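Peer 1: Next come the chains, spelled out residue by residue.
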Amino acid sequence: MKNVIEVKELTKHYNGLTAVDHINFEVEEGEVFGFLGPNGAGKTTTVRMLTGVIKPSSGSVSVMGFDLGRHPIRAKETMGVVPELSNAYTELSAWNNLQFTAELYGVPKREAKSRAEELLTKFDLYDRKDHKVKTFSKGMKQKLVTAMSLMNDPDILFLDEPTSGLDVRSARLIKEMVRELRDTGKTIFLTTHYMDEASQLCNRVAIINHGQIAAIDAPEKLKVRIGGLQYVEVSFTAPVDVSDLRAMAGIAGVRMSGDKIQLYTDEPDRTIRGLVDYSRSFNLEIVTLNTLTPTLEDVFVKLTEEE
Amino acid sequence: MIDQMRRAYAIAKKDVRIYYLKGPVIIFGVLSPAFLFLAFMIGRDLPIDFLLAGLLGMTIFFTSTSVAPVIAPTETQTRNLERLAAAPISVTTILFGDVLASVLFGIAISLVPILLGMALGVTIMHPFILALGIVLAAFCFSAMGLIFSSAPTSMTSTVMMLSMMVKFPLVFISGIFIPVQELPSWGQALASLSPLTYITDLCRYSFQGAGYYPVMVDIGALLVFLAVFMVIAIKLHERSLPKRL
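Which chain is which? The protein sequence lines are A and B, in order.
1 is the number of the first residue of the first sequence in my numbering; add one for each residue after it.
1001 is the number of the first residue of the second sequence in my numbering; add one for each residue after it.
These are computed hints drawn from the structure, not numbers from a lab.
Since this is a predicted model, take the numbers as computed values, not measurements.
Note that the Cβ used here is the ideal one computed from N, Cα and C, for glycine as well.
Do not take every clue at face value.
[Claimed, not checked] Which residues of chain B face chain A? A few of them, derived with a C-beta cut under 10 Å, are:
1. Asp1003
2. Gln1004
3. Arg1007
4. Tyr1009
5. Lys1014
6. Arg1017
7. Glu1075
8. Arg1079
9. Asn1080
10. Glu1082
11. Arg1083
12. Ala1086
13. Ala1087
14. Leu1245
[Unchecked claim] Below, a list of computed lysine-lysine pairs in the DSBU-like style, where the Cα atoms sit at most 30 Å apart:
15. Lys1022(B) x Lys138(A)
16. Lys1013(B) x Lys109(A)
17. Lys1013(B) x Lys138(A)
Let the hints inform the model, and build the full structure from the sequences given.
Peer 2: Pasting the structure below:
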């Protein structure tokens, strides 16, 4: 697989602060690449540099073989961008927004018309195509902005928090679209706060913290890499004294999650036996008992805390 | 290059659809020069062709400088600017699109005083010079509007306040209300620094048959001001755009 995005020593300084600090990574053709990080870690700055919205202080970005610094127009023609906040023109209709985008990207008129009809139908907006965007709900706006990003049939799609604040149905539609685009060979650069989403959709994820890349790998490999975070999740019919559980043999840590207690351990079998003994001795009934491997969220928390 | 011009035209079409009927454009672009002119004209016995030339110059000036200062802060606030910044277009293309929209607005509104004058019996002695002057001045003042709009703010009122601080003094030193030849020498020197002086002079030439400067000086000055304003606007916008995202 060839690299469609190559980032070398990318750096951005703002007023004496380093927002992005000499980061390097590549994105392969056809993969869904997740870009995760806590607020203020440098995610948006990085995406803005990758999409040519702002210029880096140093370093380089190459998109589809075009150096973004030297050939920004050619590089941008290969991209579609869905920003974090909807930026469709609210005074224009959905149709006019799509046609305007097509004109900006040099899409021939006839092609623009048929693509707009196809996308509006796909995103369930065709009936509202002549309505001004200011009358749209947040979900409809997000679907429209996503449709706008596909008007130039891009090779690479940048999605910044595409499902943030959406209702379940709209979020599912966008995720389904990501899968479909991946299946057609498009490359997707996905920024998200939702670890489940990244875990479900991404072939690889990069975690950025304090402007530096903390880790890049497939989600499952990252989970294995951090290790030692297996846990047993249990809930009882009555409240229990957590300090009793913490004192059990082989327990590395205890965390409350709603009415459930998460016991971190390297020996899940021994922990389960201990919990059964504990419930018997206190005459408690176990409601749920699950053995869980670390989630991408655990990886994220561990890596961003350590950094 | 041709692709970029087409994309600038797309931006101009978008601007026309969205911004022409915005409140600040109507207030500062149409109503301000109309009321300023009425305040000057009422109670004074001045020839109609002299008044018309001044009104026309002022109209082109106010209308052409009123559109761009609304576009930039509004698009900063609505985050549409980020969409344009991510699109395959240069800052110059965005600005040319905005200029084109301003120019069309300036030309369209300038027809109002011309038609008014014709209805009152004023004849245009040099229509082609007048047409050329209007187009040139509309480009020149639109580029001037772009300079105001480069302020890194999302507040339209801030940009409008800045622009009015420059525009109002210019009206009084540009031979609109008092002919340049009647100004003291320091006033004439000041007038020569204002682009508005040259379009007013061209209008006087077109309506009255004589101006203060030779026609070629008026046209040349407007071209120089246009080039200077455009270069300054591009530089300022390239610098301020990242701050407005």
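Peer 1: Are the hints correct? Go through all of them and say.
Peer 2: Right, here's what the structure says about each hint:
1. Asp1003: 5 Å, holds
2. Gln1004: 8 Å, holds
3. Arg1007: Because about 6 Å separates arginine 1007(B) from the closest Cβ in chain A, which is inside the 10 Å limit, the hint holds.
4. Tyr1009: Where the cut-off is 10 Å and the nearest Cβ of chain A is about 8 Å from tyrosine 1009(B), the hint holds.
5. Lys1014: 5 Å, holds
6. Arg1017: Constraint on arginine 1017(B) satisfied, holds at 6 Å.
7. Glu1075: Result: holds, 9 Å to nearest chain A Cβ.
8. Arg1079: Holds - the Cβ of arginine 1079(B) comes within 10 Å of chain A, reaching about 4 Å at its closest.
9. Asn1080: 5 Å, holds
10. Glu1082: 6 Å, holds
11. Arg1083: 5 Å, holds
12. Ala1086: 4 Å, holds
13. Ala1087: 4 Å, holds
14. Leu1245: With a closest approach of 6 Å, the leucine 1245(B) hint holds.
15. Lys1022(B) x Lys138(A): 24 Å, holds
16. Lys1013(B) x Lys109(A): 15 Å, holds
17. Lys1013(B) x Lys138(A): Roughly 26 Å separates the two Cα atoms, so the pair holds.
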